[in-house]
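Visitor: For the record, the sequence lines run as chains A and B.
For the first sequence, the tail end lands on 437 under the UniProt record's numbering, and the numbers increase by one without skipping.
For the second sequence, the tail end lands on 437 under the UniProt record's numbering, and the numbers increase by one without skipping.
If you're looking for bench data, these hints aren't it; they were derived computationally from the structure.
Among the clues, some could well be false.
[What the hints assert, rightly or not] Below are the DSS-like pairs computed for lysine-lysine, each with C-alpha atoms no more than 27 Å apart in a straight line:
| # | chain 1 | residue 1 | chain 2 | residue 2 |
| --- | --- | --- | --- | --- |
| 1 | A | LYS56 | B | LYS75 |
| 2 | B | LYS75 | B | LYS56 |
| 3 | A | LYS56 | B | LYS56 |
| 4 | B | LYS75 | A | LYS75 |
| 5 | A | LYS75 | B | LYS355 |
| 6 | A | LYS75 | A | LYS56 |
[Claimed, not checked] Which residues of chain B face chain A? A few of them, derived with a C-beta cut under 10 Å, are:
| # | residue |
| --- | --- |
| 7 | MET79 |
| 8 | SER200 |
| 9 | ALA228 |
| 10 | ALA241 |
By construction, the Cβ of each residue, glycine as well, lies at the ideal position given by its N, Cα and C atoms.
2 protein chains.
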Amino acid sequence: MTQQDYAGAALGRFIADFPADGFSPALWHEGRRSLLNFFGGALGVAQDPAVATALKVMAPFSGPERATLIGRPEKLDAMGAAFVNCIAANLLDFDDTHLETVIHPTAAVAPPLLALAELRGFSGAAVLEAFLIGAEVECRIGVSVSPGHYARGWHITSTCGVFGAAAGCARLLGLDPAQSWTALGIAASQSAGLVENLPSAAKNVGMGNAARNGLLAALFAEAGYGAAPAAIEGRLGWARAMGDAPDVERITGGLGARWEIARNTYKPYPAGIVFHAVIDACLELREGLGEVADILVEGDQLLLDRGDRVLRNERDARVSIHHCVAVALSRGRAGVEDFSLAAVQDAEVAALRGKVRAGLDASLPRGAARVSVVLADGSRRVAEVRAPRGSEGRPMSDAELEAKFFANGGSAAQAEAVWGLDRGASVGPMMRLFAAR
Amino acid sequence: MTQQDYAGAALGRFIADFPADGFSPALWHEGRRSLLNFFGGALGVAQDPAVATALKVMAPFSGPERATLIGRPEKLDAMGAAFVNCIAANLLDFDDTHLETVIHPTAAVAPPLLALAELRGFSGAAVLEAFLIGAEVECRIGVSVSPGHYARGWHITSTCGVFGAAAGCARLLGLDPAQSWTALGIAASQSAGLVENLPSAAKNVGMGNAARNGLLAALFAEAGYGAAPAAIEGRLGWARAMGDAPDVERITGGLGARWEIARNTYKPYPAGIVFHAVIDACLELREGLGEVADILVEGDQLLLDRGDRVLRNERDARVSIHHCVAVALSRGRAGVEDFSLAAVQDAEVAALRGKVRAGLDASLPRGAARVSVVLADGSRRVAEVRAPRGSEGRPMSDAELEAKFFANGGSAAQAEAVWGLDRGASVGPMMRLFAAR
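This is chain A alone, in the form it adopts within the complex (with noise of 0.2 Å):
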């Protein structure tokens, strides 16, 4: 097996060499709206402890070079601001999914173009390039390792994101076909985050390091470090290390024919993505629902495994099923106000908690749903869901996700900048328009 053979040799010419006009009106207008939803919730959590936090954490190891923190008046060097956008974009799981990979495709790739491009005056249009051969590259190495990867315990959106900043990076800078693949190498090296840890604020420091190690890895590419050839695929490499040996065929099949970022969705409302068919069928029945007595959701062994469970806070109410039908039944809605502290705390909402079963309904695919719901009076109401909103089979509108944005705190203008993104010579004015005064 020579060089040229391993899957890293097609990904470096892929990253370097796709021709710049060669992406679709589609796929480059998916890139925007990944981008718009990526801000929106970055702005949405811009004053959360967690982030605020980590911008503590980060800020006397920031050189003078300063790069935009969406929402926030400070600033920091390009590592940092990587680190810390990323935090913040994926803090709430609230930012997009790759449905088959469950890899939250943007967080990890769009901070350090971003940064980069603030810092060494790239272009809008050459960021959304970067953006969709990076997460296209961790999505293709995501893919070829599921599911088995994420089972074992490793948190894909970490693991992978680190590749994807890193092959984003490498356009960014220019690096050649050879440079690229090693940017991916050096990424291999640094590829961690453990589901474990995903309750806590260690899954944070992941995320952020995804980010900038990826920054890091173009960047050690581009001085001359090395990486092996068979870094991803190898006897002892990532691959195997992290789970069996990857299909590569889903890693170069197709490659800039066939687009795994084209199916990127993004979410309705901040909760498990596994519970969007629950709130769907609950808002789907609600309409003139008279007193309820007993409400059944069923759904497949992963709805039960991520959302029967006890009620303690904010993040439990994002991965409660009795709590999005509580809230999506009382209020007709599940916006980030329906999962604050108050909303837990909510005297109706809580009443209505009690009367929740779950089921097991293995019949059901992954990611539908039934809600049954018996009313005071005797009748019963049915609604099943498969396909919910934001889903593949239905997918949210530019003006969904722009309603989305806005309830997230985004602006009409920053809107207009996000959308015209490829417009202007440089990222400087939309980002300064993120930077908050």
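Position chain B against the provided structure of chain A, taking the given hints into account.
Guide: Just chain B, lined up with the frame of chain A:
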């Protein structure tokens, strides 16, 4: 299982509460020996291009507080200095070895401690304490997953180094038991580094990250971030993701009474540790040796796997049975200069290399070797070494360690400062001796 039953709880108490006067004089001195060996290794390669490149890449991302880079005039912030000094200390694998795990314990642990101590004014004694605590945690976690972890493809010096750095920094920062454990939990989500990448500079990035991310973990724990209680041994935690379940008893059994770091060893030769017995055997039988016709080196499979390969450059020389035999027999030594490109190209050495054959003797224990030389007159000499110089059975003396330090370019004043490290009110004067003017 309550949180108190996890390994982390015991490690957190050990890190925070082990009494400063609880170290035996022998253990305390072993700490000094580890640091002297560390400083020499980093000094010896201070001008290496790999170190210069690491500095160049990190410099724009350094905050204003400055810490010493060993053997160089430049400074970086604590995060950058930890990164670069760790790379230097481990660059040639000429650093220390905990033989059971093949962890090089000091490279990732000492640099962040020295940088933190320089910046915040901690004493040398506090650094030595924190080093022993950190290296102990590093080796115990490594022992608990050995040998399967390395065999799976994990570069254990990187993957466990981040725990050692986190534990040491937690001790130095005075974190409480819960915070100290949290630092390890955050480190678990940053643990990375692949064996596949070992022959490349990507290995250096993995090493540097272990040092700086361990520091980062402690700083985030100090700032209030959390981690999962079972981040190490949980079902979706570090040990299972990175291999099999840990032997928890090896992590916590006899903690504070029996010390893994007391078993630290130091290399007399800048070659792979499995070649040390080969070199010693050659040195033993060379006296008065006539013209050599044929040389047979025998050892276990690991020796053959690592050493029976084509020789192209200095890096290959350090892992070549043939070259180790040739310099030891012809020059009567195997120092840094005997693995230089000049030595590789030396005609006499090359001729002798051509006479070396390697064969399997599975009855020899790991780390042992037998060298049989047939002379031109048909006579035969055989030497077998089971405990090579520097191994646990035949440790290097203080004088030998000092000679190695001097051979690496260290001065008498520097050596004196390291031996007396624990007497200084701050590490500043010692670190100033290690900064190049």
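Visitor: The structure should be examined with respect to each hint, and the outcome stated for every one.
Guide: Evaluation of the provided hints:
1. A:LYS56 / B:LYS75: holds (22 Å)
2. B:LYS75 / B:LYS56: Answer holds: LYS75 of chain B to LYS56 of chain B is near 11 Å, not above 27 Å.
3. A:LYS56 / B:LYS56: Given pair LYS56 of chain A, LYS56 of chain B holds - Cα atoms ~25 Å apart, limit 27 Å.
4. B:LYS75 / A:LYS75: Given that 27 Å is the threshold and the Cα spacing comes to 23 Å, the pair holds.
5. A:LYS75 / B:LYS355: violated (63 Å)
6. A:LYS75 / A:LYS56: Distance of about 11 Å is within 27 Å: holds.
7. MET79: holds (4 Å)
8. SER200: holds (4 Å)
9. ALA228: This hint holds: ALA228 of chain B lies near chain A, its Cβ roughly 5 Å from the closest one there, short of 10 Å.
10. ALA241: Interface hint status for ALA241 of chain B: holds (3 Å vs cutoff 10 Å).
Hint 5 from the list above is the single one not met by this structure.
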